[in-house]
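Colleague: Here the protein sequences come in this chain order: A and B.
Letter 122 of the first sequence, counting from 1, is numbered 122 in the numbering used here, and no numbers are missing.
Letter 189 of the second sequence, counting from 1, is numbered 189 in the numbering used here, and no numbers are missing.
These aren't lab readings, by the way, just hints derived from the structure by calculation.
For clarity, every value in this text was computed on a predicted model and none was experimentally measured.
In silico lysine-lysine, PhoX-like type, Cα no more than 20 Å apart, as pairs: (1) A/9 - A/54; (2) A/9 - B/80; (3) A/175 - B/80; (4) A/54 - A/21; (5) A/54 - A/116; (6) A/116 - A/21.
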Amino acid sequence: MENQSLRLKLRVWRQASSQAKGAFETYELAAVPVHASFLEMMDLLNEQLVREDKEPVAFDHDCREGICGMCSMYINGRAHGPQRGTTTCQLHMRHFRDGETITVEPFRAAAFPVLKDLAVNRSAFDRIQQAGGYVTVNTGNAPDGNAVPIPKTDADEAFMSAACIGCGACVAACKNASAMLFVSAKVSQYALLPQGQPEHRERVLSMVEAMDMEGFGHCTNTGACEAECPKGISVENIARLNRSYLAAQLSGGGTSAVATSD
Amino acid sequence: MALTGLFLILFLVVHLIGNLQLLAGDGGRRFNEYSHFMSHSLLIQTVSKLNFAFIILHVLYSLWLSRQAHAARPQGYEGKPALQTATWSSRNMGILGTVILLFLIVHLKGFWYEFKFGSVPSISYADAPEPLHDAYEVVRAAYAQAWYAGFYILSMIFLGFHLHHGFQSAFHTLGLSNYRYKPLIRAVGTVFAILVPMLFALIPAVMHLQSLGY
Ligand code: HEM
Ligand code: SF4
Ligand code: FES
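Extracted from the complex, chain B is given alone in its bound form (with noise of 0.2 Å):
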């Protein structure tokens, strides 16, 4: 759970760094050659491949999981008690999760299965040898759409709090968390899980009001 989680924390600064180029305020040219060289090199296919790999053992081991705990208490309580003592997010790991695989599944339909297998316009630049998929356009339309920019931006609040409590718990399990490390893991992690999902976010918002004219 720990490294396919790290793993996955890996691939989103990855991916929010491609993703960002969206914003580049320059019709989109940044994020096709971005989009191009990212579906043309070996080592980001093959990258690729290990992530849907690794995303795939983290859902399988998180039913795992949730198996295990119900088999651990079969039986619940029925005090609620008026004060809980671990986090929200601590305890709802698995409703988050597949709230986030639910959007990887209309993500992946809505882009990376568009890209691969179904038509995308291309464009041509004057100063470029071969016209390029425009990857922007299919982007601009998606998020032009009111639902599908909430929809992604409801996702990002949930990573987020995934993240907030997922970031420490991949240290801890590791064994890499002590007393001295544990405030910073913990620091940093709240701010990353804040930061990285709000960045996420920022695009289908922009995007949006754009579509809208602003």
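Isolated chain A, as found in the complex (with noise of 0.2 Å):
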């Protein structure tokens, strides 16, 4: 990197509340070094229009490793940025141009309603992990790892689903919002492991249920949530839940035994 800095025009989304109504504004940045994380670089922004007695952009953050998924920001026409397998807080400023102008907007669903600038409510992916998104076990002794024998094939592949951190670039991404990665991702976790299976069916009707009613768009197989997810999940994960779903609904739907026993 000859280049050690960046001279940056920022498009930035400003939006004072869910209610108001938001607009572009344009910020301009002399001096960008070029391994700050894009995060850092808002930072800067902040700290210049604090300086300059501003409101500072509001950005939601919180790990800055990569592993928490809060940072959510749709930048140059791509969640997470032009990066791929990367969360806002890694990509780095050496992927960008000198004198680029940068677009950065909120993540947009109707399920992530705008709470203030960059700024999104993703409690939607809250309530339909509650619907489902978990396993029902009694609390006591942590039980023995080994007890319960796993295919290393089918342990690996459960592991993989559950690297999803709710992010919701799958929806951002999405031409459809729908919200079906994320979804398909939690319910491959349990479905792939013994553990997961007394509460399968349950788990798949009430999560699908619960996301068709937080309006996220239907899913029409195009692929760019994957291209797009942090974590490289896969789309095989929607036709597991599409098979699933359909053999749920097939075999009446009901709840399993185990599940409603108590």
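Build the complex from these two chains, which are given one at a time in their own frames, with help from the hints.
Modeller: Here's what the structure looks like:
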């Protein structure tokens, strides 16, 4: 990297509240270090705004190491920016050109209303999770991890699905604002394990129902979600969810015996 | 969507086999016999009614899907991505489908409506018991017009793109895809999406050239 800092123009979506009408504002940053992360660049912008006695830009972030899924931003027409397999916090300014204009928008979906500026409310995901994204186990001592044998390939695939961090990039990138990749990952992480079997049918039906109630769009298999997912969640999970959902409906859709035995 | 789409795909294959009789090079006799059989078979007539119903269902469902997508993202994005992550066909199924629908209307008006309610000339073959409708003549006259043949061929290109996404998408929707079979489904879908529309388009292309005296 010869050029150690960038001059940038930012077009940032500003919106005072969920009710207010938003608009783009343009800002200029004179010297952004190429090794800064995108969020650090946003910090620089906010410092500049505070110095100018202006309202800083609200944006979500927490871990800044790519694991919490908070840093929702739509950068130059891509969820989490142009880099594949990264969250916004893991995106570095060396992927941008000197003098470039960068457009930064909030994730757009009816189910993810804007709270302020770039921060959106993703509690719809929490409600979907609460509808069935768990296994019901009695508390007590931690069971022996090796007591239930699980084929390595199943364990690996379940683990890959469990890598979903609930960031919402799949919804943001989908032309239908569908949440199928998220829901299918949350279903698959249990569908492949014996512990997930007793509540499997119930989980599939109620999580899909919760998803539909939140007003997400329908999946048409474009694959934009998989391409934008920072954790590389595969659309094969969606095929598995479709399969499970059809099977659950064909088998009467009732809850399984174990799940209702209390 | 997947079930109606797959039915339409099946229909395409049967329809194509029938249409290829047009190229038999026997002045249209094979095609006229085929078309006589089709219009007098109870099974085919039932399937044909079903096919109409499926086309209508497919279109209605596609309208509902577009409305659903719009409701799920009332406000769109301004930023234009330097690189699109989803295939062009998958992002334009509605437009592709609308062109196919337009084609279907012209196509049905020109052939189905003419055969059923129009005046189709008859033709007698010396060794046949009764004269047949000369369906071949209707088709020949249509494809002799450059705009008709051109529109047909163009529509088949749109159909190809619709199938390029639709074929594999239907399997995905029905949950019939997984890591192992996905590459196979995609490959078969791509071959199907190229081959079937190409063979369909070959017919007006050849017949138009024939009309020009080639
Ligand atoms: C012979 C004609 C047609 C065939 C073989 C066909 C086939 C298919 C298939 C297989 C799918 C995928 C289903 C799925 O993903 O579950 C599909 C989707 C779709 N079709 Fe058709 N179709 C035809 C005509 C039409 C027409 C006339 C329209 C009119 C508007 C249309 C509009 C759509 C739309 C909007 C989708 C969207 C779903 C998506 O984005 O994936 N199609 N079609
Ligand atoms: S599936 Fe991927 S893109 Fe969607 S919420 Fe999970 S981690 Fe984010
Ligand atoms: S801030 Fe936690 S993933 Fe980006």
